[in-house]
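Starting from two chains that each stand alone, build the complex the way the hints lay out.
Chains as they are written, first to last, in the working numbering: chain A, 44 to 514; chain B, 4 to 492.
In short, the hints are calculated from the structure, not lab data.
So the derived label-pair ranges between C-beta atoms look like this:
#1 21/B x 93/A: 41 to 51 angstroms
#2 83/A x 153/B: 50 to 60 angstroms
#3 21/B x 75/A: 30 to 40 angstroms
#4 502/A x 359/B: 43 to 53 angstroms
#5 454/A x 186/B: 22 to 32 angstroms
#6 509/A x 199/B: 20 to 30 angstroms
From the three backbone atoms N, C-alpha and C, an ideal C-beta is built for every residue, glycine too.
Letter by letter, the chains look like this.
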Amino acid sequence: MNSIILLSVLGLGNLFLGFRRSNRLLLPVMMLILGLVLTVNFIDWNEGAQPFFNGMLTIDNFSVAFTGIVLLTALVLVPFSQKYVLDGEANLAEYYSLLLFSLVGAIMLVSYNHLLMLFLGIEILSVAMYVLAGSDKRNLRSNEAALKYFLMGAFFTGILLFGMALVYGATGTFVLSEISFAVQNPAPGFESLKPMLYIGMLLMFIGMGFKVSAAPFHFWTPDVYEGTPTFFAAFMSTVVKTAGFAAFLKLLVQAFPAANAQGIWLPTLTAMCVLTLLIGNVGAVAQTSIKRMLAYSSISHAGYLLIALVAYNGQLEGASANGILFYSLAYSVATVAAFGVVKLVADARQREDYDGLNGLAKTNPLLAFSLTVSMLSLAGIPLTGGFFGKFFVFSAAVENGYIGLVVFAVVMSMVSIYYYLRPIISMYMRDTDAETAEAVPVTTFQAGALLLLAALTVLLGVLPGLVAGAL
Amino acid sequence: MLTVLLLLWPVAAALLLHFFKGRAARVPALGAALVEFALAAYAAFTFNTNNTGQFSFDLNWIPSAGIHFAVGMDGLSLLLVLLTAVLVPVILLSAFRRNFENESVFYALVLFMQTGLIGVFTAQDAFLFYFMWEVALIPIYFLAGVWGGVNRARVTFKFFLYTIIGSLFMLAGFVYLYFQTGPAADGLSAHNSALASFYALNLPAETQVWLFWLIFAAFAVKMPIFPFHTWQPDTYTEAPAPATMLLSGIMLKMGIYGCMRWLLPVVPMGVDYWQNLILILAIIGIIYGAIIAIRQQDVKRLIAYSSLSHVGLMIAGVFSLTQMGLQGAAIQMLAHGVNVVGMFFIADAIERRTGTRNIADLGGLTRKAPVLTVCFLVLLLGTVALPLTNGFVGEFLLLAGVYQFNAWMGAVAGVTIILGAVYLLRMFQRVMLGPDSSFTETFTDLTGSELALLVPLIVLVFWIGLFPNTFLHLSEGSVLNILNEVVKR
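Just chain B, with the same shape it has in the complex (with noise of 0.2 angstroms):
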């Protein structure tokens, strides 16, 4: 029952926002997003780390087609909705600063995604995953292509072009499973399309290695992995800043998340057939990433592309089937959602003061701005995954999966940890210490809400740090009972 409060409770905020006009919508939407948080917290407190589906609520929802309203969450669901939960209110707070029109359509389309957010992360049917999924895509469609940059109508339709074929092919993919099910338990409908139910399907294996590609599109894309990675750079760019958070610091761990839930134990045998493959392209994603951020002039791009690149590292982790690298893929989707949405943010309050993101323009904010120096180079160590720091976690055991899968693999995928350190201490250089220019002269420091946003990504860099067990063992048994549905076949 809490899960489905937890679907609901942003959707109804999203339209009671309706009332308040403008600015005044601001605080409402916060406070609404804090409930959520609160909710999302209880939930982890009551948890019990035995790693069943716990919350769990089932509603026939198309009885003539053995459609379930299922949710519920076992460990890495709710890692991923605390992830959603604490980060949507940062995203709101973001966007205080900015002056835009309609901001209570605004407030409203990001609450509606986070529904859709969480669908996904608790879905137990495979209709209600797939509905979740479009969900969640028709706000972020509107938030980027309304509120965004000059070439925003050209680079959100090809987003939107882009998901919606991936998430086509999922459907037919899921249809096929669907028929291959047996009746649902009520005996009203033919077949019906939960969870277990595909998972206790076994396929020929040769069925597997296409129906691989079918569900994985949505995935590949959403991510995203080389190469399908195309509109993301230019959609992180373009869209304003509160949405390219809520892409790259959630949206691209619906593809992380689908693979793990959705693809492994669905298709064992196709994975199997494709992991080579598979692991190729996310390390290319690693190196092709990383080094063309190196190149990069713009601070969002640069951004971008290293997400591109850490992403690359999260895939190869789940794909090796290891434990070590599917439990590192799990912690990372956390420690990279912090520290990108931080970096995006910090991005963004350089722009908003002085009107550039290029790299060349900037320098000398040390002197003018020393807490938001310290933030930034907090969130910057963490991405670079120095020791002691959320992002190191996540980045030792994916690389360790890998490793223990191929040792030439993870020596390449290893390389990750330098490229990454190259072009964001080259960032952090050119930006932040040097002369100043025109465009800094006037920079002030951050302002009390901005650090009230920062400091709790900044505890949450060393909690997950000092103490990843916290979180490493809310995923563990997730973790093992997917592999162990790998084994079984």
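In isolation and in its complexed conformation, chain A is listed as follows (with noise of 0.2 angstroms):
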């Protein structure tokens, strides 16, 4: 709760900030601000559950942990952003508390209670990435990804909010433990309620979807992060999926347990979750920007964590949490710092292909052990992250028995190995030609946040146990 207080009201001052036009100043108070709401997140680990709102919001070590993957993500993606700072970009400041605010809106997503939160949570998140997806004004691919993005997301929020009225309307209640009460001990009449129910819980799981990317409601994926400025697109990949997902496991495990209801959503996650991985892992290797690859690898993703959704094994807290916290940290690690090396080269060099990484192990070793590291991560080798937060989520499956899906998953990921390595041979075995022969300008704060995400997957990556198992 303290994070949610304390992101609001520093996104307020930050705002007048702005009024200063100072820019410089801009970016390390922003970093104050993220650093500090970080440390005091983690006050209320182990405290218990605590009920804010009336019960709708409850802080425990589950909200707490996400809270802090979604902090942490937020504070090393900030440095990336300098850019801007040098330019004098005027609406800084807004941006940076669209962010803040944008932030309390993923706390809402991990620590909601009640369907309304969860509502909230998901409008106060999206909205401001309608306006960051178009913050580039003068560009005509900006202006289309933010529109883009706000008709479907629009769109997709209308089927949620209509999915929960239909849940409403079955079980006379918005509160998570209270449906799943319902669900379980049907009161008199329910029978004939039930088609409402899955109904209603289906046009959730659409919604949901839509809002981590999984599909079939992914289309706008890799358009819109194509037109986003990087800096928001990076931020769109990390920060709303590791809410989303969160969000995601509590809706399942928290209102729809229930054996009755598993024989409905069981088998539409385990389709979503089929077509993800087919649809990022082969839609990627199609792909000639790196930024579209690195969005249909972002639907990947979704994929594999949806693996976890459908393993659960009925505890909140337990396999699949676990598994979903380890890798969606790994990923977003790794995602930030490619992004971030992508957005650096893209700036210098104004090209977003594999070719403009030709030849950067020679003019920026820093940068191109960087993005190897996250790229090795994101294809699951080990050393890296990447690999247990794969081995977590494959475990958890193939413990439940989900074994074809694994194997599914498996193959897959074979498939990803190839366009996660195409950058690696265009930085280490490709020469660099006139366009790329300049280093790219990497200031101390971007090369800090570059070596500190290489550390961590390297530390996710070898001692596991930092993290796994934490829920």
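Laid out in structure tokens, this is it:
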């Protein structure tokens, strides 16, 4: 709760800093705010479940852990916005405040207990993202991305809301535990309401599926990521996804855990999972722009995370939650590094294709190393956090008997090695040409952030016990 | 604890190399490798040949999943650790004559890979084994890909893809086995992944039959066994000489070692079911590699195919499931490592002086370089398996083992000795003897540092050839333990 209050207050304060028109001040302040909130967040660790707003939000270890991930992600991401600072971007304070506010939404998503809070969280998170997607005002693609994201987002929010309404109609409540109770202890006449409940549930899945870009509701992802300024695209693909999956897991575990509902959602989620893995991985192979590749890769990682949802075993804090926690952390860390390097290279070389990376190992060893670590992590190669992320998710699934699903996912991750290696090949094994001969400028902040991300990735890959089993 | 030191020292050294730029990294890198060798030698001298696991270390690595950082050595592990510790300094030394960019990174990667290799040979936990297996792969990918020849990007990509897909199958197999095990000793987790728990599993035969392929896939690609070998000649040719030496001298032993440690005792019934097929594939590999080697014009490619042929025999020996076959494989791993590294080094020395690897362009080196000729001949005869050299002991035991299993197979596999003599002596004749060519006119003999590199290898050629028992009695107990595990069920 402390983090929500702090973020809201400091976000407002940050807006006032904008009046000074001193962008150089903004970046350190932003990092200070995020660092502070991240520290304060862990005060609630192991304090037990604390209800707020009449129990509409609950802060427990689950929400503290996921809040930690989104805050950490934002903290390491911020240094990559430095170009805005240097270019004297007029609205920087507003952008930063929008990021802080959207984090409030993310925190509500990981700690909600009441469907209204889920809806509010999603909206707070999304509205900020709609704006930020179009923040590059003079760029046509950015405008397109914002419009596309907004229209689709509004549409799917409507579907989600409709789903909630139907669930409410069937159970008479918005509170997760009460929905679960109503499903498991049917009142007289509940049988006739069941179809309404199921349809409501499926509509909610569709809404959530859109937010985490799971197939077949993923169509917006590549276009929006491509058009959105890289910095905000990185935020979208990490923070939004982490919060979205935590919320999705809560919904499944706390509202629809009953065996009678499982008959509906299990096949639905399994189908979504298979489709997402297939489209994400196969789609990424065909891309020539790294940003689009990362967009498809983010779809494919939604597929791996869906496996953890499918395999959940009835408790909020168990193998699935741990799997999602570890996976989200490893994925976020690697993705921020990848987007960060892509942004730096694109800013300097005005190119977002693979050849734009040619010879980067010679001109910028640090960038090349950092991108390599993140690609290996996303591909799930040992020594990186990505390996244990996949390992925990897959073991959770194998343990619950979903062997076929895991085999499919393993085959898909073999495919993924193809496209994750391509940037590495460009950087290390191809020579520079006239366009790519010059070193990409990197500031100390960014170098520090990249080193930190690489170190975190390796740390998670060597000592996974630090995070695994926390929940 | 000694094993942990063996594992940590190369990594630490690799990180420290960061402070030495370019050529300044040469001496510290070699020094680090020599310290590692001293550690391994100390391990060998204090090793008690009763052959249960020694120098063990066990740390709870991922408590919630029952995964331990458990390492230890028995005789077989020790042999391979020794091989790694001997060859890495030699390989580093061989890189000294080359001038390439970012030397410090190159040496750091070699040392980093050493940790992975020693980890593979000492791991006592399935997931640690898998982890180290991949840790060894990443550096070699960059070593071959960054400093390799013209087609390096395509070739190393193929290599990486092949090996990683193989490994993923192995991982799937291990995960399956993991869920068949009981709770860890500390009771913190429902399953554990210790080697001993895998040995203790009693899986139904039909499970073992398919599980065999999951685990074998990774080893098959790494060794490589026909028909999983297509990455091998290309990669050996395109990679820079030191990387090729790492690949052929040490890395392919990971596959054979893996079969002996993680395949035979874990899925014995699966091995029994597929034994004939694997032996036939291995023998096809022997003959096929040898025949293609005869037709090669490129010295490096010729050695690559000869290596394919020799590995085939080691696989056949392992899968004969006889004591002689396994002992032969153990000693031949050492002998092959020594010989192939020496051969690749000489091929590289010739290429550096003449700028060509084409056999037809060479000739008449004997008169210009008598020392090189002698070294080359010794290594070559070791590879051909002349009695009193290292190759003879191994090939004799291997062939005897295969013969013991099936006389016909033994007879066909024995052709390798004849064919080996054909292509190797033919190469020797055309490269070293005969008239000069325009490429070899200014040829110079070995320098002191090159000789310093070859001398230990040549000493080993004779040591293993004359006193094979030094090494055979190290591995004997481990081999018997492995066979006991196989026969037990």
